[in-house]
Structures are given as C-alpha cells and as structure tokens.
Amino acid sequence: MSNLDLSIKIGSLELSNPILLASGTVGYGNEISEFIDLNKVGGIITKSISLKPRKGNKPQRIFETPAGMLNAIGLANVGLEEFISQKIPFLEKFDVPIICNIAASTLEEYVECVRALENFEKIKAFEINVSCPNVKEGGLQFGNDIRMVAKITENVRLSTKKTLIIKLSPNVSNISDFAKVCKENGADAVSAINTLVGSAFDINSRKPKLSNVFGGLSGPAIKPIAIAKVFEIHRAVDIPIIGVGGIMNWQDVIEFIIAGASAVQIGTLNFIDPTASISILEGIKNYFVNKNLTSINQLKGSYILDNGN
Amino acid sequence: MSNLDLSIKIGSLELSNPILLASGTVGYGNEISEFIDLNKVGGIITKSISLKPRKGNKPQRIFETPAGMLNAIGLANVGLEEFISQKIPFLEKFDVPIICNIAASTLEEYVECVRALENFEKIKAFEINVSCPNVKEGGLQFGNDIRMVAKITENVRLSTKKTLIIKLSPNVSNISDFAKVCKENGADAVSAINTLVGSAFDINSRKPKLSNVFGGLSGPAIKPIAIAKVFEIHRAVDIPIIGVGGIMNWQDVIEFIIAGASAVQIGTLNFIDPTASISILEGIKNYFVNKNLTSINQLKGSYILDNGN
Amino acid sequence: MLITNSVVVEFLEIQKGIFLQKLKSPEIAEKIKPGQFLNIKVSEGYYPLLRRPFSVCDVEDDLIHIMFAVYGEGTKILANKKIGETVNILGPLGNGFNIDDDYDLAVFLAGGLGAAPFPYLTRKLNNNKEIISFVGGRSNKEVIKYQFPNLLIATEDGSEGFKGNVVQLFENEIKKFLDKKIKVFACGPNGMLKSVSNLIKRFNEEGKNLTCEVSTESAMACGFGICQGCPIQDSHDPNRYLLVCKDGPVFNVNDIEL
Amino acid sequence: MLITNSVVVEFLEIQKGIFLQKLKSPEIAEKIKPGQFLNIKVSEGYYPLLRRPFSVCDVEDDLIHIMFAVYGEGTKILANKKIGETVNILGPLGNGFNIDDDYDLAVFLAGGLGAAPFPYLTRKLNNNKEIISFVGGRSNKEVIKYQFPNLLIATEDGSEGFKGNVVQLFENEIKKFLDKKIKVFACGPNGMLKSVSNLIKRFNEEGKNLTCEVSTESAMACGFGICQGCPIQDSHDPNRYLLVCKDGPVFNVNDIEL
Ligand SMILES: Cc1cc2nc3c(=O)[nH]c(=O)nc-3n(C[C@H](O)[C@H](O)[C@H](O)COP(=O)(O)OP(=O)(O)OC[C@H]3O[C@@H](n4cnc5c(N)ncnc54)[C@H](O)[C@@H]3O)c2cc1C
Ligand SMILES: Cc1cc2nc3c(=O)[nH]c(=O)nc-3n(C[C@H](O)[C@H](O)[C@H](O)COP(=O)(O)OP(=O)(O)OC[C@H]3O[C@@H](n4cnc5c(N)ncnc54)[C@H](O)[C@@H]3O)c2cc1C
Ligand SMILES: Cc1cc2nc3c(=O)[nH]c(=O)nc-3n(C[C@H](O)[C@H](O)[C@H](O)COP(=O)(O)O)c2cc1C
Ligand SMILES: Cc1cc2nc3c(=O)[nH]c(=O)nc-3n(C[C@H](O)[C@H](O)[C@H](O)COP(=O)(O)O)c2cc1C
Ligand code: FES
Ligand code: FES
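First to last, the sequence lines map onto chains A, B, C and D. Sequential numbering of the first sequence, starting at 1, is according to the numbering used here. Sequential numbering of the second sequence, starting at 1001, is according to the numbering used here. Sequential numbering of the third sequence, starting at 2001, is according to the numbering used here. Sequential numbering of the fourth sequence, starting at 3001, is according to the numbering used here.
Next comes chain A alone, as it looks inside the complex (with noise of 0.2 Å):
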C-alpha cells in the first residue's frame, strides 16, 4: 500500500500523522526529544502556558492509581515570556506543528495569550485548556460551565487565525453540548478529554495523598469513558475529535479514532514508555495496511451501530 497517508487536516493546521503528545506530558518538548525523533510524530502540544509563571502545587503532586495516576501539578509552567524567549527557540528546531496549549483564570488572559503568540509562525495551533482540575480559580469552574465556554470561545476566535482547539472537561453529564458551543463560537476542533477528578487518602496519616487534595485521573483506567466521550461527540456534532485518555497502545489509538478521533494525543504513556508514540505509529501503519485503508478519514467515526435493541 504505497499510497497509505496518515496525514489530516484540522482548520489550517496540518499534520502529518494522527498520534500528538499531550499537553503536560511532554513540557516543551526538550526532554523527550532525547528519546525520540520529535519530527516523526504529528504535532506537540505544549505544556498549558499561562500569563505569568506559575509555581505550580507544593508536593505530593503525583499518586499511582488502579492502571491510572493522579496529579495535582497545578499548571506549573515558565510563562508567556520565558515560553516566547526560551522554548520556541528550541521547538523551530524541529519541523513538527507545534500547538500552544493555554490555560488562564480569567477571559482576558486567554486573549492576552493568544495574542501573545499568535505572530509566531511556529506556533500552528491553539489548545485551549478549560477544565484543568488543579488550580483554585478557573480551571474546572470554566470547563464545567457551558456558557463560559462559549464566551471563552468566541473571544480567543477573534484574536487567532490559527487552528483553535478547545479542550474538553469530561466532568460533566453532556459533552456533546460543550462540543457545540465550540462549534458554534468557532472552535476548529475539541480535545477529549481531560483528566477526570479523583482524589485518596492515606489511612495512616488521614492526610490527601496529594497537597491539593484533589488530582486529575488519567491513565488506562480512564480510556472507556474517554472512549464514550468522543463517541457522544461525534454523533451528536460535527466538529473534528482529537481523542485523548488513557491510550497506551496501536489499539487504543484505532479504537478512539472508530468512535470518531480525527486525531490523538498520548499522555501518561509518555512517562511510562517516552518512545511509544513511534512504536504506535508503526502499529497504526502495519493495521491500515493490513486492512486495506489509505486513509484516516475512511476509519474515522466508523462505527457499527445495530439497528434497535
């Protein structure tokens, strides 16, 4: 199958493959590029960059759970300033799309940020982070509250002709809704999903494993609800998917993109396996082989309902 291409196109942005590293599982790129050929994958979406630095939570930040993690990271990040001066340098290295993803507290912020950023050639996308379950203000309340989105949406659309990506709290009874405000305010595309709340405790102590007492959930443990996640969405509404949550394999990832992924991001699997995302590539590749598909869009969304029940 000479003729297989992975690639896909989302607003502008272009990809050469569907597999993306998530947003804080990779921080800038750096680190992991000493495992990997970072020109192999699709994109990389940046650690969620805010205005000013943030310190992010005292420790304990991280807790192992049942085939899952949680964290309480709490957005530690450099900064719109030390991003622009330090990190984009780095990244131009690199012919890979990158995607800037950007948390804020407030509405403004996100602009301000946006705005920042947006004359940067480098940067070819916007993930807007609206449900990071980890810092007091924003975060959560923003991702969980349909019209704050749509707000969020609308104004950050106005500042950016680059893709803009919205990024989806799977906290919530109604996805798909979320889904269509985006669309409907102008988002190119939603990722889902984020981390899910979770939180322990110690039996001993009666302390929270974490400091912030609650984390976000991620891991394999997540994957079906992520999994049902995208599958709401892309019944209900017609906006490009990128399906994040718990994928740790090839498998994973062509089953997210049957319930509807354009593309993909791998998370958590990056601290476990940093080189994954090659290897899944390469699985992704022998499976459309062997399945006779040239492209992502013949797969995607290519469920097989019965009719009733």
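Because the hints were derived from the structure by calculation, they are not lab data. Be aware that one or more of the hints could be misleading.
If we take Cβ atoms under 7 Å as the criterion, some of the chain C residues that face chain D in the derived model are [unchecked claim]: (1) Gly2045; (2) Tyr2046; (3) Tyr2047.
Take a look, some chain C residues computed to stay more than 12 Å from chain B by CB distance [what the hints assert, rightly or not]: (4) Glu2013; (5) Leu2020; (6) Pro2026; (7) Lys2076; (8) Asn2098; (9) Asp2104; (10) Asn2126; (11) Asn2128; (12) Asn2140; (13) Leu2151; (14) Gly2158; (15) Gly2164; (16) Glu2206; (17) Asn2209; (18) Thr2211; (19) Asp2234.
Using N, Cα and C, we set each Cβ at its ideal position, and we do this for glycine too.
Dock chains B, C and D with the ligands against the given chain A, drawing on the hints supplied.
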C-alpha cells in the same frame, strides 16, 4: 478493645457494621449465600427492582477494561410482583437488613414501587437508583437533572417512612449540589457513586463491545473518582454518605470512611471474590483495634487537610 | 461451589499452542461433572480484574485438568505459570452434560477449544455404547485430537480429513446412523452451535430421533449468577433470558435460541 | 538516557528482607554515576502502571546492582523475579554525587534504604582519603551494613550501637574531626535529611568547613523531567521548585529547602 462497635444508624436503618453489598452485584442474595453467612454483613441492597419485569439488554453485556469493567445489564430484573412473591420470602430467612433498590422510568413508577413495598417489614430502607446509565428512558437523564432528582426525592419521601437513600450519578460536575437537594427534600442519605458512562469498540469488527454501546464503568479504576465525590459531598452537605466504587480490600473501606462515608458498598469485588465482604470486615476490625478506635463516627470524615496551599 | 487456591502440578503442551494444566484441588475434583466449568483468577493483582472461565477437561484423582490456548492477557499469564505456582479457582460452576443412557450412539462435535470438555465426558459416559467424534478447525494445526474416540476430522482448508466445516462433515457421516437413537454433545463457537442446532431440528422434523446438548460460551463477570452478564435467549419465552453461567453452560438445544 | 530490557542475572538477600538484584545492562553500566538512579518498569502490564525509581547501588562490569526492600506492589513483583527474567530500565537518570577531591574526610550518612547508593560511591571516590560511615535504623534489623567502610551504627531502640538517631550519632562523633574539611554524603528519609541539613548549617555558621550533598526522594511519574511531579523547593528562589528527578536527586544541601 472489647468495646469496639462498628454499628451505624442511617435514618431508622440500623446496621451492625458498615459493609453493604451493592445493588446489582449480589442479585437478591440467593447465590452469594452459598459463599458467606449473610447475617454477618451490614446489609444487602437488592438488584434494582422495577414495576414490571425487565428482560435487560441483549448480549454482550460485560466487557473488562483496565482495572475495571463495563456493564450494560439494562436493569434486567424480576419485577415487583415476583420480587414480592419469590425474593422477599427467601430474604426473610436472614437476620440482615434489606435495602430495596428501585429503578423506574417515571416519577409515578418510583412512588408506586415504594408504596407496594412499604408494608414489608423485612425491607428496612429504599435506595433510589436515579443514575443507572444502561436504560434509554429514565435512568441517566433523571440522575443528571437536579430538579428531577429533587422531585423524585420529595415524592418518594411522602410515600415511605423507611430510610430513604438516593443513589447519585457521578456523571455530573457538582455532585454536592445533588446531595443538597436530596437532603432538602427529605432523603436520609445518599449513595455515591453509581457507575461512570463508558464505552469500548472492537477494532476488527468496528462494533461496540456492548450491544447497548454504552455501559457503566465500575471496579478499582473508578475508586479515586468515588473518593473525590464522597469527599466533595462530605465537605458541603451534612448528610450521611454511603461510599461505593472500586472497593477491593479493607484499606479501601477505611479510605472511604476517612473521606466522609458512614457506610460502604462492595460491588464488582463480589464477582471476583464472593467472600470478600467477610474478610474485609475482619480487616476493618483489626484496623480499629490497632488505631484504638471504637466507633465508625470517630473515623468518619476525619481527614486532615493542610491549611492553605 | 468452592473457592480454593490450587497448585499447578503438571503442565503440558499437548500440541503446538494448546496447553493442558493440571491443578490440585481435591474438593473440586471430587464434585465436578463433565461440562461444568471453573472460574479462575490467574493473578493476584487487578490485572486482569475478572476471573476467566474454563471447562473441566478431565479429572485425575485430586487433579483437575484444564485445556487452553493463549488469547489475551489472562491466558498469557496462565501459560506462564510455573509448576508449584497457584491459581485461585471458583467452582464447580454451571450445569454439566446430562449423562443418561437414553441413546444408542453418542456423537461428539467440537470446534477449536470446544474440544476441552470431551476427555472427561468420554470417561464418564462409561457405558460401552458407541461414540463417534467430529472435530473441526481452520487447518489441521487447529484441530485438537486429544483423547477423542473414533475421530473424524474436518478442516476448512482441507489440510486434513474432510474439507469443510465440522457440521457439514457430521451431516454427511451421520446419515448412515439415522435409524439409531442419537445423542449429540457439541461444544465450540456459537456460530457452529447454531448450525448444529439447525441441522438437528431439521433431522427431527424429518422424523429422526436425535437429542442434542450444547455447551455455550459468553462473556462473564461472576460465573455463578449474580451479575446477569451472560444472557442467552430462552426459546420457550421471548421475554426471558437464561444465564449461561447458571442455567448452562450446557443446554438442551431446544431450550435456547442460538 | 536509555531504555533497555535487562535480565536479572543474580539475586541475593543480603540481610533479612533486603534484596540485591544484579541486572545486565552494558550500556547503562558504562555510563551511570554514583547517586544517579534508574526508573524500572517491573511488569509488562498496567499494574503497577508507573516505573519505580531505584538508586544505582553498584556497578560490576556490565551489571548494575540495585538494593531494595518490599514496600508495595512494585517491589513485591521485583522481589519475585527469577534469574533470567527481565525488567525494563530507563536510565541513567538525574545528577549523581559530585565527586571531586576537595575535602579531607568523607562522611556517609544513611538511613534505612538510603544505604543503597553507597557501595558504588565508595568504589568511585577511590582517592585514599578517609571515610567514616554512619548508618541508622529503628532497630538493628533495619540497619543495612552492606559494604560500608568504617561503620558506626545508631538504632532508635538501642539494639545495636548508639541509641538514638543517626544524625545525633554523627553530631557526637564528628566533633573530633571538625578541624578538617569534611564532605558529607547523605541519603535517607527526608526527615533525616532535614536534620542533617540543619546540623551542617549550624556547624558552618560556627565557622566549620563542611559541604554536604543529599540524595532526596519524591513520588515520581516520569523520572526525567516531563511530568513536573517531583518538586522540591529551591532555596535561592521562593517562587521556584526544582525537580528531584532532573535537578537532583542529589543536591548540595544549600540549594534546596528540605
Ligand atoms: C463456560 C466457558 C468455558 C470455557 N472453557 C474454555 C476452555 O476450556 N478452554 C479455553 O481455552 N477457553 C475456554 N473458554 C474461553 C475462555 O474463558 C477465554 O479464552 C478466556 O477468557 C480468554 O481470556 P484472556 O484474558 O486470555 O483473553 P481476553 O483478554 O479476555 O480476550 C482477548 C481476545 O481474545 C478473544 N477471545 C477470548 N476468548 C476467546 C475464545 N474462546 N475464542 C476466540 N476468541 C476469544 C477476545 O474476544 C479478545 O479479543 C470458556 C469460556 C466459557 C464461558
Ligand atoms: C531517586 C530515588 C531513588 C530510590 N532508590 C531506592 C533504592 O535504591 N532502594 C529502594 O528500596 N527504594 C528506593 N527508592 C524508593 C522506591 O522507589 C520505592 O520504594 C518504590 O517506589 C516502592 O514501590 P512499591 O510499588 O513497592 O510501593 P508503592 O506501592 O509505591 O508504595 C507502597 C507503600 O509504601 C510506601 N513507600 C514506598 N516507598 C517507600 C520508601 N522508600 N520508604 C518508606 N515507605 C515507602 C508508600 O508510601 C506506600 O504507602 C528510591 C526513590 C527515589 C525517588
Ligand atoms: C502530569 C500531567 C500533567 C498534565 N498537564 C496538563 C496541562 O498542563 N494542560 C492540559 O490541558 N492537560 C494536562 N494534562 C492532561 C493530559 O493532557 C491528558 O488530557 C490526560 O492526561 C488524559 O490522557 P492520558 O490518559 O493519555 O494521560 C496533564 C496530564 C498529566 C498526567
Ligand atoms: C454488573 C453490575 C450491575 C449493576 N446493577 C445495578 C443496579 O441494578 N442498580 C444500581 O443502583 N446499581 C447497579 N450497579 C452499580 C453498583 O451498585 C455500584 O454502584 C458500582 O458498580 C460501583 O461500585 P464497584 O466499583 O464496587 O462495583 C451495578 C454494577 C455492576 C457492576
Ligand atoms: S456471569 Fe454473572 S450471571 Fe452469569
Ligand atoms: S518525575 Fe516527572 S518531572 Fe520528575
């Protein structure tokens, strides 16, 4: 510690210990009674009963996921009439409180079921399932609609003097608001959590793994989410909480109690080890003795949080 | 029903990729009947979370034999068990084959790992009546011949025996015996069981005298009737499912809709 | 940084409950320095999901040694590995001890499993300068003596050596040497490291000449700087955390707030 007393009272419901067997995971007690002495558990919650028998969903109803499982039983149950004629007489042989879990597609049906069962002395409490994700009418729609939950609670309350427990859906962003309306409308307690909505697809057939497409995710994978929900409710609302979700051992039970639960339910674990509830009870007793605790209330909600962050 | 930790006492690869594991459990060995099954927890941790069902393949004093191939994580862990390691067994589960003498000729029909329950069944039939076995697979590598009496083989690729499926072979061969009272025991994929069922019904409509018991499969969580995870359509009541784990896994073919 | 599947070549219980595992990895053995660590995936499945960090204990040709006790699921699985089985190693990670010759006397301070990095450090110091080791534990069962030169022991229950904690013992004993230029290498629970740190600061405020490097611990997800899961307060900048995995695990005690 001869004065160890694990009993707990929820409304008028008196439990000798906090270990309940969760709805849908022990049928009506028959099969599991071959493994354990049912008199030893704190209580048994029946499979959801509906007014009419329900056949349930077509196969496949079960799919295993990382550290969890999806089920789409579809509330298969014998219906009110056979429950009264066949199941209550069997349960009467045991000296253990029975909590009757009720599912319905309309407000009226809930009320009708409760009325029909109100005079059975053996039934000590009702657990109202407003949150089962596996049926098309009723079920999830109710559980995610706060006004509906309020209305169901209010109406069922008027129909019963027994302890009234509302089983909450975790597929919402603000579970403590739901707990609050339950309390305001007369519920004696809430159970948290029911299963999370999940799905899975076969990458060869492209069909959903479950005939119903969606299923409910249970098992250790969801424990961090359940702990967070119990904690959220405990912090915000003064109502007894029955913790459920992913309990696999006595340590998990202690964690739920620390997070705010007055009692807990063992679910999926019954499938793997039907004797687990009894060994868990032993583990709990040892913990209480080792920690010089003599009652559940000393441990309940006894989490220690740092001030500020 | 019992729950026991059982030691792996012997472990054979009876043919390429097909394993026979002998597990020590005097209590279960004493009680279990052909066609019943065990629900096995292959590891202590949460992965895999659920037990895995396996037919009893044979019983030898206080040893229970199971036969399996590697499909996924569960059977992979099982195949890596060393002698002396343990697995946790819940059993005996379900209803086994109905062993009466009310027939002249016993027919075994097996597809793939459906071969598993027959060694023990053969031993227990124990009545000097004739048995003919039909076993099928895609190729001769997939045909499990282990301990089948009077074996006839069907392979879809024709690499051994009859070229075609095992039900076709059975249909061809059984014609000579249709004057006898025949009891068919079948185990294999549901598709195969369905065509057996159709064939038996046709023969009986033509006035022949066949009874047929099929051992069915289903995804399972508990294996003993508490999860409702393993429904199979009751042929006598459209509003009712039976449970494979509790009402089966062996059913008279007339009682279920395959 | 490399990722390799490494075979368990040798496995010793050096004292009750304390294991020494020798893993074959020529590439990592060649590169790794004392105080650096490995992040090990103990099983193939999802349980446990994350890697587990272990200090390099020693290097012997192409073998890396790790020392551990069983705490939870990860170390339990590791302790059950048989010779010939593999684990997946990511390493070498972090910054090791700063090995210069700028001191007269080296002091080792270890609490519990904090003993792990010292055999390799001892070998690499390799400069004929004097070393004194202080090792502590709750009781003598918990004191790991493995390969410590000039060993002085503290136990909290007084079952061996000095009764009290290892930092008190160090404080008592070091007084005779405070005219020398001392370099302290410490590894153990953060509480112990904190009291070492306080003591060193006090001595230096009193005009003594001690430097101190501490090997810290933290919960970790990745081990190489991409998850931000392992913060430790930067003592020079209140608005900044350092990362234990990448900026440490060994720090000069002046650079962090313990
Ligand atoms: C009553 C009963 C008796 C059984 N007896 C036996 C027996 O004696 N020997 C035996 O080997 N198996 C038997 N099975 C099937 C056995 O339970 C499964 O093979 C086993 O659960 C697979 O577990 P796993 O973790 O390896 O695979 P999973 O991870 O559960 O599945 C991996 C993949 O293999 C597929 N798969 C699983 N099982 C089968 C199968 N049987 N055929 C084809 N594809 C499959 C799954 O759909 C999935 O795609 C029996 C099942 C039942 C219900
Ligand atoms: C840089 C670094 C180097 C390390 N080097 C070593 C080493 O050389 N040898 C070694 O044995 N360990 C070392 N550790 C600690 C080691 O990583 C943990 O012991 C290991 O992760 C435990 O994994 P587990 O799955 O067995 O326990 P988990 O399931 O992760 O934990 C089980 C329980 O044990 C507790 N626990 C875990 N680790 C410790 C600990 N170290 N001390 C006290 N309680 C603990 C946990 O809080 C939990 O309650 C190091 C850690 C770091 C960060
Ligand atoms: C340690 C950690 C940090 C994360 N930080 C961010 C972040 O800064 N911004 C964001 O949008 N998502 C963040 N995420 C969420 C991931 O991008 C992803 O949505 C989630 O982890 C689910 O995918 P996974 O199960 O493959 O990890 C973070 C996840 C983890 C585990
Ligand atoms: C197979 C299965 C069937 C269930 N049926 C019901 C039900 O009928 N009514 C109900 O309220 N909850 C039902 N539940 C939910 C459980 O009672 C429990 O809330 C959930 O499984 C989480 O607990 P666990 O992780 O311990 O299983 C069911 C769960 C499973 C796994
Ligand atoms: S497998 Fe649970 S009822 Fe059959
Ligand atoms: S463990 Fe991931 S950054 Fe340190």
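Each hint tested on the structure:
no.: 1; hint: Gly2045; in the structure: holds (5 Å)
no.: 2; hint: Tyr2046; in the structure: holds (5 Å)
no.: 3; hint: Tyr2047; in the structure: holds (4 Å)
no.: 4; hint: Glu2013; in the structure: holds (26 Å)
no.: 5; hint: Leu2020; in the structure: holds (25 Å)
no.: 6; hint: Pro2026; in the structure: holds (19 Å)
no.: 7; hint: Lys2076; in the structure: holds (14 Å)
no.: 8; hint: Asn2098; in the structure: holds (22 Å)
no.: 9; hint: Asp2104; in the structure: holds (36 Å)
no.: 10; hint: Asn2126; in the structure: holds (29 Å)
no.: 11; hint: Asn2128; in the structure: holds (37 Å)
no.: 12; hint: Asn2140; in the structure: holds (25 Å)
no.: 13; hint: Leu2151; in the structure: holds (32 Å)
no.: 14; hint: Gly2158; in the structure: holds (25 Å)
no.: 15; hint: Gly2164; in the structure: holds (24 Å)
no.: 16; hint: Glu2206; in the structure: holds (31 Å)
no.: 17; hint: Asn2209; in the structure: holds (32 Å)
no.: 18; hint: Thr2211; in the structure: holds (25 Å)
no.: 19; hint: Asp2234; in the structure: violated (10 Å)
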